[in-house]
Amino acid sequence: MPDVTTPAHKAGDFFVDYEEKVFPDVQAEPGEKALVTFHTVAFEGSIGLVNLLQTTRLIRKGFETSVLLYGPGVTLGVQRGFPKIGDEAFPGHQAMNNQLVKIMEEGGKVYACRFALQALYGHGEPSLIPGITPINPLDVLDIVLLHRKDGSFILDTWTT
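First residue of the sequence shown? That's 1 in full-length UniProt numbering, and the numbers climb one at a time after it.
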């Protein structure tokens with residue numbers, strides 16, 4: 001067996017150069033909009049949380065930002081907790097809820113499809129995180145088309 005002479009990593013060590021930024025820091029021009037859509041189930045992968053964090057970055061870059069929760073994406077916007085609503089059953093349990101609240105506090109708008117909420121997942125409007133606007137299923141396509149007409153940046157979050 002070869003001898004391993006490299007010292008063990010310890011807290012505070014660096015694995016990569018996290019300070020180098022390759023691309024310029026793009027900021028929104030006045031009036032620029034962004035739409036982030038979510039057709040993904042809460043907790044079934046990291047993409048929901050990652051793109052909620054990207055949504056927050058878009059707001060901070062100056063984009064007038066909207067979030068669309070449709071299909072399984074409405075599961076991101078329902079209140080949760082255990083044993084009571086709002087309780088964090090395990091570390092990170094409320095991460096997506098907390099991020100949606102932060103998005104709304106920072107000026108983002110969040111919309112959830114009523115059809116998916118009721119017909120697919122058995123929830124009503126009272127299940128939504130306060131501040132989320134429920135919308136007609138016919139509005140799901142129209143919000144995308146309106147943002148397209150405005151020349152908005154659109155980030156689609158999709159998993160099966």
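Worth double-checking, as some hints may not be accurate.
Restricting the straight-line Cα-Cα distance to at most 27 angstroms, the calculated cross-link-like pairs of lysine-lysine (DSS-like) are [stated by the list, open to error]: (1) K84 - K61; (2) K61 - K33; (3) K84 - K10; (4) K109 - K61; (5) K21 - K149.
The hints are simulated quantities; they were obtained by calculation from the structure and are not laboratory data.
Here is what the structure says about each hint:
1. K84 - K61: Given that 27 angstroms is the threshold and the Cα spacing comes to 36 angstroms, the pair is violated.
2. K61 - K33: 11 angstroms, holds
3. K84 - K10: The given pair, whose Cα atoms are some 39 angstroms apart, is violated under the 27 angstroms limit.
4. K109 - K61: 15 angstroms, holds
5. K21 - K149: Violated. K21 to K149 sits at ~32 angstroms, over the 27 angstroms cutoff.
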